[in-house]
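**Q** Each chain, letter by letter, is given below.
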Amino acid sequence: MTGFRLETGGRVDRSQPVRFHFDGKTFQGFAGDSLASALLANGVMLFGRSFKYHRPRGLVAAGSEEPNALISVNRGLGRFTPNLRATGVEIHNGLKAFSQNRWPSLEMDFGAINDRLGMFLPAGFYNKTFMWPRSFWDKVYEPAIRKMAGLGDAPTAEDPDVYASTYAHCDLLIIGAGPAGIDAALGSMDSNKRIILMDEQDELGGGALADPSLWPWLERSVKALSDAPNVTILTRTTAFGYYHDNFIGAVQRLIDHLPEIEDMPREKLWRIRADEVVLAQGAIERPIVFGGNDTPGVMLSSAAKVYANRFGVAVGKALALMASHDSGWHDMFALAKAGVGISAIIDVRESVDSALMHEADRLGITVYLNHGVVGVNGRHGVRSVDICDYGNQQVRRIDTDALLMAGGWTPSVHLWSHSKGSLKWRDDLGAYVPDQPNENVVCVGGCSGDWDFGKGAIIDMLPTPKDQSRIKAFVDFQNDVTAKDIKLAVREGFRSIEHIKRYTTNGMATDQGKTSNLNGLQIASSALNQPVPDIGLTSFRPPYTPQTFGALAGHAKGALFQPTRTTNIDSWAQAHGAVFELVAQWRRARYFPKPNENMHAAVNRECIAVRSSLGIFDASTLGKIEVVGPDAAEFLNRMYTNPWKALEPGRCRYGLLLKEDGFITDDGVSARLAHDRFHLTTTTGGAARVLNMMEDYLQTEWPDLDVWLTSTTEQYAVIALQGPNARKVLEPLVEGIDLSAEAFPHMAIREGRICGIETRLFRVSFTGELGFEINVPTAYGRAVWEQLMAQGAQYDITPYGTEAMHVLRAEKGFIIVGQDTDGTITPFDAGLDWAVGKKKPDFVGKRSMARPDIVAPGRKQLVGLLTDDPHIVLQEGAQIVADPNQPIPMTMIGHVTSSYWSETLGRSIAMALVAGGHDMTGDTLHIPMPGKTHTAKVSGVVFYDPKGARLNV
Amino acid sequence: MILIHCPYCDEKRPEIEFANAGQAHIARPLDPSGQTDAEWEAYLFIRANPRGRHHERWRHVHGCGRFFNAVRDTVTDKFEATYKAGEPRR
Ligand SMILES: [Zn+2]
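One line per chain: the protein sequences are A and B, in this order. Take 1 as the starting number for the first sequence in this note's numbering and just add one per residue. Take 1 as the starting number for the second sequence in this note's numbering and just add one per residue.
No lab work stands behind these hints: they were computed from the structure. For clarity, every value in this text was computed on a predicted model and none was experimentally measured. Each hint should be verified, as a subset may be incorrect.
[What the hints assert, rightly or not] As a list, the in silico DSBU-like pairs of lysine-lysine whose alpha-carbon atoms are at most 35 Å apart:
#1 A/LYS645 to A/LYS557
#2 A/LYS839 to A/LYS728
#3 A/LYS557 to B/LYS84
#4 A/LYS424 to B/LYS84
#5 A/LYS420 to B/LYS78
#6 B/LYS84 to A/LYS846
[To be verified] Example chain A residues on the side facing chain B (calculated, C-beta under 10 Å, incomplete):
#7 GLU158
#8 ASP161
#9 THR232
#10 TYR243
#11 LYS420
#12 LYS424
#13 TRP572
Note that CB positions come from ideal geometry on N, CA and C, so glycine has one too.
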């Protein structure tokens with residue numbers, strides 16, 4: 001059998017031929033054709049191979065419910081799109097489309113051997129066969145299955161296209177522009193409502209596009225809506241998901257139908273918030289389940305009408321109809337009028353309306369009532385069908401080259417179900433229809449079950465005198481699920497339709513069972529001997545049809561995936577060859593290599609410079625919070641472990657912040673500027689979290705406190721000037737601040753000017769050297785930095801990065817929250833009990849420090865580790881054991897949290913969390929690493945200048 | 001995407017402007033040190049996980065910054081009410 005172009009008819013533009021390619025062969029269609037209609041017109045019936053059995057498959061439908069005809073389109077490097085439905089691809093000159101899941105070719109397919117082995121591939125076959133051993137699944141079974149059973153190839157090159165996105169708000173959103181949707185739009189057009197009318201097809205009309213008698217009405221209606229200023233019409237736009245509070249996601253396809261890829265986005269994601277939604281998605285015709293119903297040339301009756309009336313294509317020369325529903329008869333009458341040859345109407349019912357019989361008689365169509373198809377002859381196309389007279393069980397053969405199925409209709413309740421609207425079963429339709437809404441939404445037309453297609457009989461599958469166990473009667477064409485599979489699942493004990501679905505995979509393909517769910521339910525219902533409503537219905541989930549990741553990602557990819565925060569000094573670091581790293585969203589200079597210097601050498605040089613003369617470091621990313629108000633000191637006293645009330649203005653304090661569970665969550669040095677004003681600092685990554693936590697306590701636990709919190713992280717550039725020569729460099733640049741050791745001691749803050757700019761100057765040190773942290777308004781950061789570089793040249797001032805910063809602080813035993821702590825570490829575990837105000841009656845986390853588990857022995861505690869071989873630098877994260885000779889799996893008593901080479905000390909240093917570690921000083925522990933187990937002695941965490949003499953200058 | 005009514009801004013705004021902040025109406029004990037281990041455990045760790053009406057806190061973090069209380073149905077995700085911190089339980 002072959003389809004062909006009718007002499008007349010259809011909405012295609014016969015004056016505009018279009019040349020396109022399918023599997024390398026060139027074809028011609030007309031403007032307005034889908035790939036499916038154009039190939040049909042060229043006599044192509046074979047569109048692909050099925051998923052599991054590699055059976056030859058043709059078109060079933062004409063719309064987005066098409067389960068079989070999945071194809072790939074290639075538009076050049078990075079523009080390869082698999083798994084498109086041929087029914088939804090508009091042809092254009094030069095289109096390159098390919099069939100899928102076949103090798104070496106569509107006609108000669110090696111995988112079709114699976115079909116002969118079909119009796120060995122029942123439901124649950126993969127689960128049953130490939131359960132064991134586990135390693136075989138990953139290495140052998142899954143790759144082999146993926147190669148054989150598959151959809152199209154995933155593209156490998158980066159997608160060069162741009163995807164747009166937009167938000168829209170409207171009073172009325174109408175989804176689906178068939179007659180019902182258009183009527184809804186016309187009915188509201190004269191109001192002041194902002195209306196959006198969308199349809200997934202390239203033109204409005206839906207079912208009316210296949211009914212020439214409606215075309216004059218359609219043309220008038222589309223013109224009226226197009227002219228209305230309050231109506232936005234979106235074609236080629238699929239509403240793929242219906243979310244809370246009338247929020248609808250839709251994707252508009254902008255260029256895939258164009259012969260040239262113009263300089264515009266490929267697709268546009270619409271996020272629409274609508275006051276009211278009208279769903280007019282129509283209904284999908286149901287196939288009939290019988291042996292051979294997947295043969296190319298067996299398709300939905302309504303689809304044949306669409307191909308004839310909309311595209312001017314006959315799907316065959318002598319069409320037969322297998323019906324259980326009146327609508328197929330009307331389709332046959334329409335096809336006859338369109339000039340398509342008719343072979344016969346076969347209906348499973350014993351009688352139908354006399355009007356149908358009369359019309360068939362008038363058109364000279366042979367009718368077989370109480371008959372059913374029991375065999376389809378032909379593998380790559382229908383040659384004839386065998387039908388059985390259910391009255392006398394006689395089988396006869398009918399010549400036909402296309403067998404149409406009219407099994408009734410399934411309302412498209414997908415989006416309704418996304419919105420959590422409830423469904424009710426209607427016995428007369430054999431379908432679920434919308435019941436109670438959960439949003440401000442109504443269903444109109446076919447998707448509400450309201451149609452004028454006539455009536456039908458509800459059947460699970462066609463009776464057959466053949467051995468049921470030997471026929472393949474397909475329910476889910478895309479996932480190759482047969483009636484036999486569903487019955488087997490029930491025999492094996494599955495009862496819930498959700499389990500039957502997952503076991504058989506019925507309805508789990510990319511079409512989400514648009515043509516298979518209801519037939520699957522009916523068959524399960526018969527097998528379970530329970531009415532359908534008692535079995536339930538599987539859930540519908542977005543997307544309605546598959547959408548591209550590109551459309552969902554939009555611009556949020558590559559460098560735009562998330563913002564990169566940079567400091568005012570970042571540009572200087574860039575210009576001076578810094579190697580950067582990301583810390584949370586901040587880009588920070590990691591080290592500043594000189595020519596031919598590797599990281600190790602650069603970091604050693606930077607560390608030595610700080611210890612011997614002078615280093616300069618961009619600390620602008622430090623979190624900063626301004627705490628202001630009469631109760632500011634009281635508030636901090638309650639938040640931090642330390643006492644704050646007695647802190648003099650002009651002095652700083654190391655603050656330790658716990659969560660209410662007693663575990664360290666943040667730390668930082670903070671300064672009291674005035675009686676009612678503090679300048680807090682937090683860790684770089686913790687700034688937002690700490691502010692949120694403080695706001696929480698302030699707003700909800702202690703609203704009586706008169707305190708205001710303001711994030712000032714981005715208001716200040718912070719330059720750390722560290723090293724014995726720090727004061728000498730500052731002196732000529734600073735005004736209004738006495739920098740002498742007596743007037744400006746360690747852990748103090750002064751306000752004045754530097755290089756003429758207002759500054760909050762901290763005397764603090766995260767390195768153990770004489771140090772200052774210079775806060776200036778952000779915009780002046782780089783300018784002040786450059787002045788310091790110039791002034792510091794005489795001392796060989798050395799910019800250093802985060803890597804040297806880490807080494808320097810580790811030499812002094814200063815912890816990094818989140819590296820040396822992990823959310824389960826108390827101040828005592830970290831050796832920071834000195835920072836806890838013992839006399840304070842309360843602070844956040846205090847009560848938890850007396851919890852039974854926290855006072856119990858054996859907790860992991862922070863210690864220093866000195867390797868016996870001083871040249872071994874332990875791996876951070878390496879596990880620690882007490883006895884290296886114990887059997888595997890060993891008892892791990894802790895892990896290394898920080899580990900560096902210290903050029904200053906000429907050896908490696910490390911910190912670790914070790915169970916009971918505070919009582920192990922001097923003990924030898926063992927650290928298994930790749931290749932060797934190393935030994936190390938437990939020490940204190942301060943490796944350099946333990947008395948802090950270098951700060952007292 | 002849910003719309004949430006902020007009782008301070010008195011506007012319905014998309015949920016991406018808000019952050020959930022856990023169960024509502026769990027006041028920090030006035031004298032934590034006076035709490036038994038069991039009482040402190042209940043305050044710190046024990047939370048409701050109802051099917052249906054749930055009292056929870058939200059913060060209009062990308063708006064006014066205020067914490068407020070809400071009653072949300074955990075089955076339907078519908079907000080029954082939102083109200084200012086400090087107001088009686090609804
Ligand atoms: Zn607000």
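**Q** All the hints need checking, so say for each whether the structure fits it.
**A** Tested hints:
no. : hint                 : in the structure
1   : A/LYS645 to A/LYS557 : violated (49 Å)
2   : A/LYS839 to A/LYS728 : violated (41 Å)
3   : A/LYS557 to B/LYS84  : violated (38 Å)
4   : A/LYS424 to B/LYS84  : violated (40 Å)
5   : A/LYS420 to B/LYS78  : holds (11 Å)
6   : B/LYS84 to A/LYS846  : holds (29 Å)
7   : GLU158               : violated (28 Å)
8   : ASP161               : violated (26 Å)
9   : THR232               : violated (21 Å)
10  : TYR243               : holds (6 Å)
11  : LYS420               : holds (7 Å)
12  : LYS424               : violated (19 Å)
13  : TRP572               : violated (32 Å)
Checked against the numbered hints listed earlier, the structure breaks hints 1, 2, 3, 4, 7, 8, 9, 12, 13; every other hint is satisfied.
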